[in-house]
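Enquirer: Its first residue numbered 1, the first sequence is counted upward by one per residue in our numbering.
Please note: incorrect hints may appear among the correct ones.
To be verified - Distance condition first, Cα-Cα at most 30 Å in a straight line; then the derived DSS-like pairs of lysine-lysine:
hint, residue 1, residue 2
1, Lys-628, Lys-593
2, Lys-758, Lys-681
3, Lys-628, Lys-81
4, Lys-158, Lys-528
5, Lys-46, Lys-81
6, Lys-684, Lys-81
7, Lys-681, Lys-81
8, Lys-164, Lys-201
9, Lys-301, Lys-247
10, Lys-198, Lys-233
11, Lys-233, Lys-593
12, Lys-46, Lys-628
In case anyone wonders, no lab produced these hints; they're calculated from the structure.
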Amino acid sequence: MFLMTLAGGIPMSTPRYSPREIEPKWQDLWESTGLYRSVEDPEREKFYCLEMFPYPSGDLHMGHMRNYAIGDAYARFLRMKGFNVLYPMGYDAFGLPAENAAITRKVDPGQWTRSSIERMKHVQRRMGLSYDWNRTLATCEPEYYRWNQWIFLKFMEKGLAYRKSAPVNWCPSCQTVLANEQVEGGGCWRCHTTVLKKDLKQWFFKITAYADELLEDLERLDDWPERVKVMQKNWIGRSVGAEIDFKVTGSDQMISTFTTRPDTVFGITYMVLAAEHSLVELLVHGTDRAEAVMAFVEEAKEKTLIERTDETLEKKGIDTGRTFVNPATGEEFPIYVADYVVMEYGTGAVMGVPAHDQRDFEFARKYGLPVRVVIQDPTLSLREETMAEAYVEDGTMVNSGPFDGRPNREAMPDFINYMEDNGWGRGAVGYRLRDWLISRQRYWGTPIPIIYCDRCGEVPVPEEDLPVLLPTDVQFSGEGNPLATSKTFLEVSCPVCREPARRETDTMDTFIDSSWYPFRYTDPSYDKAPFDQAKAAYWMPVDQYIGGIEHAILHLLYARFFTKGLRDLGLTDADEPFRRLLTQGMVIKDGAKMSKSMGNVVPAEEMMERYGADTARVFILFASPPEKELEWSDQGVEGSYRFLNRVFRLVMENLSLFSAEPERAVEDDENSRSLIRLRHKTVKKVSEDIERRFQFNTAISAIMELVNEIQRFIAGNGLNGAGGAGAAAEAIRATILLIAPFAPHLAEELWEATGHHKSIFLQQWPTFDPELAVSEMVQMVVQVNGKVRARFEAPPDTTREVLQDAALAIPRVREMTEGKEVLKVVVVPGRLVSIVIR
RNA sequence: GCGAAAGUGGCGGAACUGGUAGACGCGCUGGGUUCAGGACCCAGUGGGGGCAACUCCGUGGGGGUUCGACUCCCCCCUUUCGCACCA
1 MFLMTLAGGI
11 PMSTPRYSPR
21 EIEPKWQDLW
31 ESTGLYRSVE
41 DPEREKFYCL
51 EMFPYPSGDL
61 HMGHMRNYAI
71 GDAYARFLRM
81 KGFNVLYPMG
91 YDAFGLPAEN
101 AAITRKVDPG
111 QWTRSSIERM
121 KHVQRRMGLS
131 YDWNRTLATC
141 EPEYYRWNQW
151 IFLKFMEKGL
161 AYRKSAPVNW
171 CPSCQTVLAN
181 EQVEGGGCWR
191 CHTTVLKKDL
201 KQWFFKITAY
211 ADELLEDLER
221 LDDWPERVKV
231 MQKNWIGRSV
241 GAEIDFKVTG
251 SDQMISTFTT
261 RPDTVFGITY
271 MVLAAEHSLV
281 ELLVHGTDRA
291 EAVMAFVEEA
301 KEKTLIERTD
311 ETLEKKGIDT
321 GRTFVNPATG
331 EEFPIYVADY
341 VVMEYGTGAV
351 MGVPAHDQRD
361 FEFARKYGLP
371 VRVVIQDPTL
381 SLREETMAEA
391 YVEDGTMVNS
401 GPFDGRPNRE
411 AMPDFINYME
421 DNGWGRGAVG
431 YRLRDWLISR
441 QRYWGTPIPI
451 IYCDRCGEVP
461 VPEEDLPVLL
471 PTDVQFSGEG
481 NPLATSKTFL
491 EVSCPVCREP
501 ARRETDTMDT
511 FIDSSWYPFR
521 YTDPSYDKAP
531 FDQAKAAYWM
541 PVDQYIGGIE
551 HAILHLLYAR
561 FFTKGLRDLG
571 LTDADEPFRR
581 LLTQGMVIKD
591 GAKMSKSMGN
601 VVPAEEMMER
611 YGADTARVFI
621 LFASPPEKEL
631 EWSDQGVEGS
641 YRFLNRVFRL
651 VMENLSLFSA
661 EPERAVEDDE
671 NSRSLIRLRH
681 KTVKKVSEDI
691 ERRFQFNTAI
701 SAIMELVNEI
711 QRFIAGNGLN
721 GAGGAGAAAE
731 AIRATILLIA
741 PFAPHLAEEL
751 WEATGHHKSI
761 FLQQWPTFDP
771 ELAVSEMVQM
781 VVQVNGKVRA
791 RFEAPPDTTR
801 EVLQDAALAI
811 PRVREMTEGK
821 EVLKVVVVPG
831 RLVSIVIR
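Work out the full structure: start from the sequences and follow the hints.
Expert: Here it is as structure tokens:
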């Protein structure tokens, strides 16, 4: 274990850097002393640092490791800066993989999940993460999910949870319904199976009640990545327009449509209903068109979302034979059913204005419907017969009765008033955002606390009966919801009338679990409410949230909605859950995302086994800035290992600097002076890179430079200079402190070796003197006509005049300027002198 | 199609407010140490020319602003990501 070397004839033994020994040693010590436990303290400034909690698959992969390396470095840095830091970890423990394991391998989902959690926790501990493990939680435990149920009931009282029938997304592979946010490109977000439509009566959360607030508050999230905000904005999809009612000819039925272009109402020449529209059947019932139309409807419903939204396909429709009246003109036009109109947006009915909407134009040309120009292009004269495409720009209103001659944009408000006055339309705002479908036909989730009674209807489970526990007497056959196989669960008496009733067997979307967990960490064992309001008021909101971009809409939008909902229940003052968001980049290898199918996975545990956690962490943070992709490099890891070895040796070989009475660094010697300055400069750079820029890669490279310089200093006999030993000792001391957030085990070990008895994480982060954080002499560049022609040294605070004279006095510069006219001299102190000659 | 981000040595990346392009690391080359390999230490390393001082070219391409552009403006190309009949 000890390597014998001979240095200068004196036998010397230097211990070797052995992460395998020092890492467990410090992990045990941190745990036994409770170093990272956090307690509310109104006297101290709090900082809540949080990583997206993982689904406990049992495998901790490089993406996780990167996530935690970033968060832990930041949390440790903030602690040393004096903040009262909350840094917890938990497990998003409900979900399909556990249930699938139950089906295929006959294991209990609870057991499967708990053992996966233990495996992940084991690797997390091994990484040396500074979590307050006392606050850990798992969403599959009744102590947690009972509060999902509680919140559900409160939301229900507030009208934020309700049940309705609707055509919903169904994943045939996962055998459950999905929320709109969970359908990506027509496929299931989890397994990518093509999603089908099903008519079901399901539970929803009324996220649309907060559509405007969710949109407006994005503006205030200054420290969120722009692209996440844009994605949320597009998802909410607010558009201003009008709702217009049309009377069906020969009937009392009204059809309501949403449009962003009420100014084109005079140009309506037909109307289209979505296949799912509730009026379709009613309209054609008993007519000779009934058979053909209903066949078309069935065919459209059969198609998957992908087929229906394929833009390359021609729009197909069918005339219902029925007509409606355009209230603006009094004319009669046909009603079609077409596949390009979807029930999900607006009212599922669209007014057709071929002259001014490209889709309508194509549809009209195909089915021989009239085109009527009502907005005239100011430069060209649009002619209905010759138009090749719709005119979608602004212009002057024509063929529009009292509005003729007015610019369409300007006339819009008046037009809406006109419709309102005449009672057939009104200003309206449309959203793409739909209410959040939360029912899932699966077992491993939170039971929805509802009882169905033939007499009383939907009865909420009384609060005192919570939690509604997941039963264990269930069959995992792979067919249907296992909950429905539990008699003890299903059969219940109605809380109101005591007659036999049955429980809801659907469970909640697991995104509910992750929508409020940051609150729960503030007191995870609290049993009177989801969280202790006083404690949450101290810690919330999360100051720094770190996670993958894949949750840009899903989790982050739901959590924002929940926070607003909880606020309106009077449980918190927070409007937003996450003040700052960092979306980390992917970890890739050989140009592709690390995945089992690619065979390019680097196992986290193996990494740590070989090099230790500190090396893995330093490499991950050094190789790339956090929000960018990280290209894995085995050789790069070697480099980080070598660096930590160098730091270890630098300290261990110079312990004598710390054993004697500490010598103060003095600036008497030129070498000492520059080392002192470099130390201050490095402290400044590392502090700012972590704090302001979140750039751990440049912070670490600055530490490397300092280490290189200390080595050169010692090798070049710098210790013999006046104050040399002091300057070296202080530089080494700073190095250990600066590296602590990145390589915490090594830092503790070296801190102890240099004579300290308390954890380095109880130590203040080093400070710097701004005056000393600049070099004594800076290199100046002299440019002649934009090209670097000479260099000279000068103190950084030299005046412009002196710098200019010095530059012009350089022989080479004199040579070049001789006989030429000096047009201009630009002097940037500390940088350059730029001379323009002719 | 629309929107966003990004293109810098052999590689990962730096250059923060327009001011020495390539910090730091990897790799590579030469040397030292070693029985040897590894590890370690020293030196070099964008391309071309030159013995050298030095010089020309160089941040996806083209133009522009400026004493000065990786950085700002315009056009184009490529890549990645997101959205995609949104009425």
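Enquirer: State for each hint whether it applies.
Expert: To see whether the hints hold, each was checked on the structure:
1. Lys-628 x Lys-593: Judged against 30 Å, a Cα distance of about 13 Å means the pair holds.
2. Lys-758 x Lys-681: At roughly 27 Å apart (the allowed maximum being 30 Å), Lys-681 and Lys-758 satisfy the hint.
3. Lys-628 x Lys-81: This hinted pair holds, its Cα atoms lying about 26 Å apart.
4. Lys-158 x Lys-528: holds, 20 Å
5. Lys-46 x Lys-81: At roughly 11 Å apart (the allowed maximum being 30 Å), Lys-81 and Lys-46 satisfy the hint.
6. Lys-684 x Lys-81: Measuring from Cα to Cα gives roughly 13 Å; hence the hint holds.
7. Lys-681 x Lys-81: Holds, at about 18 Å.
8. Lys-164 x Lys-201: holds, 5 Å
9. Lys-301 x Lys-247: Holds - the C-alpha atoms of Lys-247 and Lys-301 are around 26 Å apart, at most 30 Å.
10. Lys-198 x Lys-233: Given that 30 Å is the threshold and the Cα spacing comes to 28 Å, the pair holds.
11. Lys-233 x Lys-593: holds, 28 Å
12. Lys-46 x Lys-628: Within the cut-off at roughly 28 Å; holds.
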